[in-house]
Amino acid sequence: MTVRWLKLSLILFLLISAEACDKPTYSKEKATESIINLCKNEYHLDVSVKIIDSTLGVLIPIEGLVDQDLKLNREAGEKIEDVALSIHRVTMSSDSPLEIYTLVAKDTKSIGAEFVLTGNIYDVVRVRLLDISRGEYHKRILRDFRFNPAVAGEAKIQELFAALNNDADFIQNIKLLFYPIYSIGKSGSQKIDMIEILSKEISPQEALFYVKTREFYDPMPEFEAYRAIFPPGFSNEYLMLINMSMFASPIKEIVPKYFYSGTEIRQRNLQETFDQYRDQGYIGTDGFPKRKLALDWFLSQQIARRIKMLFAEDKKLSGRFVVNDSQGSSENKVFRFRFSISSNKPSTEDNQAIFSGILKVAAMVFHRYSFEDFKGIELSDERPGGEKIYLSRDDLEKFRRNQIKIKDLI
Amino acid sequence: MATLKTRRIQMYIMMHWLKIVIVFVILLLLILAIWGLSSLESFYRHLTLAQMPITLLLSGVHAGIFVFMYMIFLRGGFTRIKQTTIKGQNVNIHWNDVIGIDEAKEEASEVVQLIKDRTRLLKIGGKILRGLLMVGPPGCGKTYLAKAIATEGDIPFISMSGSEFTEIFVGVGASRVRKLFKRARTLAYGYGACIVFIDELDAIGRSRSFSFMGGGQETNSTQNQLLVEMDGLQEKDFNVIVIGATNAAEGVLDQALLRPGRFDRKIYIDRPSLEGREKVFEYYLKKVSYDKTMDIGRLARKAVYKTPAEIDNIIKEAALIATRNKKDIVGNKEISEAMERIDMGLKHKKQLTKEEKEMVAFHEAGHLVVMFILHPTDDVFKASIISRKETLGAVYRQPREELYTRNKEALLADIKVSLGGYVSEKLHIGTTSNGVLADFNSAMKIAHSMVWKVGMSGAGFVGDYSVIPESQLSESVKEKLNAETQKIIATCLKEVEDLLNKEWGIVQRFVKELLAKDELEYDEIEAIFKEYGKTHSYKPA
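Heads up: the protein sequence lines correspond to chains L and H, in order. Sequential numbering from 1 applies to the first sequence in the numbering used here. Sequential numbering from 411 applies to the second sequence in the numbering used here.
Excised from the complex, chain L in its bound form:
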């Protein structure tokens, strides 16, 4: 009797277990399509999806992302949650080797306003399995609600060129910046066509633009000779710096390729200058990741944000320090954190408290992710005369285990 029941139980167990051997619900070939269909069919939302290596990018245009008081709209927030859930469902039940996802909600009205959600897919699995708490999970997600300087800047630049072509009064104030056509051409004969525009985010608020134009004009009689140098329809270039913190007039600087030095017409190599700048942004103007986002990059960003959280939330630290800036990056297997943290009541022990807090945060994050693929960590205080320290991975682990004290490091 017992044997019969055991056999029956075994068969039932195998029958149910056979369900587990089934293929994943969303195959890697159809991951993109699955997210689009899921959002469309279940939430009636139109999204665009792009996969770059192991990074998934999802874009949802939303009308009225921000309220009049520049806060995230409640309905928009719900739509973002629905899309995020769709991403989680597909990525968790797929054999696609995805690692990081970005969800960008772009406001179709306020140009440049966007909400960016970046997360690690394994974190989603872990929170579902209750391996990490929901609080910890939320700390692991990168949330950015901002005006993308590249997107907003591009719109401003297009507005600028439109004004140049149409508004004679406006030209008078800035004509010297658009050398030479407004200096040698007859009034009203100038026309600038924008051929190419490239952008780089050089800080969270600033974007640098490299603009190529084709310019037309009719030279004034005294400058007829210039026609040989600048034939109508000649190619020109500009570098423009946009700072979104200067919201009313964000175009901070315009650098033309050609300029008159008093004796001769000279030109700058703007392409080279533009190339020298490093793009710090990771979301392109199209709303998708600019490149593959790796775990080390994700951790560097997370730690930089956790540093801010630490000094804002910790009872002992929050009243004592103010975080002005905290940036993280990862290069050649070395994590670098640059920060500017000022003390309300300066004392000799400030440095120890600051560095100790940051090291604890970094060590904890690496430990919780079991991340060991790095050589070391560099912390640099960006304030004038600020200290810079470097710890190898092993030393960081020793610090976590209290085998090294902060006073030994500073």
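Just so you know, the hints here were simulated from the structure itself, not pulled from any lab data. From the three backbone atoms N, C-alpha and C, an ideal C-beta is built for every residue, glycine too. There's no promise every hint is true.
Said to hold, decoys possible - Derived Cβ-Cβ restraints for the label pairs, each shown as a range:
#, chain 1, residue 1, chain 2, residue 2, range
1, H, 475, L, 322, 55 to 65 Å
2, L, 78, H, 430, 46 to 56 Å
3, L, 364, H, 443, 40 to 50 Å
4, H, 475, L, 410, 50 to 60 Å
5, L, 138, H, 475, 35 to 45 Å
6, H, 465, L, 23, 17 to 27 Å
Given the coordinates of chain L, work out where chain H should sit on it, guided by the hints.
For chain H alone, kept in the frame of chain L given last:
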């Protein structure tokens, strides 16, 4: 009318409908679970499956706790699950296995015949047998006989003990009776008939008591339910026979239970006769290796009043003794030792002085000689001066066969045997010990009873004077009765003194043998008497 096969299927459904429903629900849930799982996304499917073992374990633990609490607090514990149902052919006890109770067996075989010929009985218009009460001392084979009825009748057999119905909660017993009969009726529906055997029926069948305090209410309600169920049986088209077994006297049981229509038949199962005991010995000895030269008749004679269960116990004990003594077979010695151990307890040697031991030997030898020569019905089967329990020595006696009455001669012989020890001590050293206390007590009781109760005095006092209140009995009558009692004692004492004076040589011989061997077996005792040309005064009734 449905065929027996169809009825058995219906019976199976009736008996196991709950299990069938549970299995069906489980299967349905399983199908739904598999269906549900397959509709889940693979991650959630894996998650559910991964959690399933711990979920099942926790569910099992919760269910176990619930069942435990339910059984303990609401159903009177797990002991209720004692009801056992066995098919007739699986009981496997046949007529041949029931031995030593031939008369009861004969009556039982009639019952079996009635069960088998039930259809014919109904045609004639006879009444269906509903109850059979087996009364008798414990260990005489009541359960055995009930099982044999089940086997021979080839019908299912449900066995329960009366004590299993009783519970501190009022109504639980009655509910168990209802369930028992419901089950029996279902089985009877499938197999044509069913036997419900209630052992120790007196536990629920005692005369009902009615107390304003409510005491005994549970027993009453249980018995009431039993009465109702037994009455209800006649309304059904199938046969449930209730067999009750009890050690209690018939008067103890409630009259309502004993009336015709409930326990229609009563079978008295008494201790086996000499012939019965021989069969019982043969039956149980076959189960062990034994000395084939043993006189089974003598064993049966030695085991007067022994029940089959006691005989079975004797053989088992003898087998253990043989094993301990590194013997391959069970012999006379082992059986004798087993009987002593069971009847008299373990030997417990006390350190006596030489004089004390000699006194004890004379005392026992006195009993022995008087009993062997004078007692008309009882026989001595062993004499011992080894202390057991409270006694320093003993002469073990037994009637040669079952006797249910004792005549005047036997009673006088009992008195003489009791006085034998006293006389022997007196003749030996001219004084006596307090070892005679129990003997005198016994002798005086017998003599008193002979005169006061059963009219055996020589003075013509006939009747039971003990029933007359003492205040109504004249002093002169009392004096005369007591004088008669004393006269019996005196006469017996004189006779014993004469006998022992005459046979003092035999007494001394026995004392010598007892001091040397401590114990004398029947054969040795008989041999010594033969040496002196003495035979037993046994007179068959």
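Hints, verified against the model:
1. H:475 / L:322: 55 to 65 Å: For residue 475 (chain H) and residue 322 (chain L) the Cβ distance comes to about 57 Å; the hint holds.
2. L:78 / H:430: 46 to 56 Å: 50 Å, holds
3. L:364 / H:443: 40 to 50 Å: Holds, since residue 364 (chain L) and residue 443 (chain H) (Cβ atoms, about 41 Å apart) stay within the stated range.
4. H:475 / L:410: 50 to 60 Å: 58 Å, holds
5. L:138 / H:475: 35 to 45 Å: Given a distance of about 38 Å, which is inside 35 to 45 Å, the answer is holds.
6. H:465 / L:23: 17 to 27 Å: 25 Å, holds
Taken one by one, the earlier hints all hold for this structure without exception.
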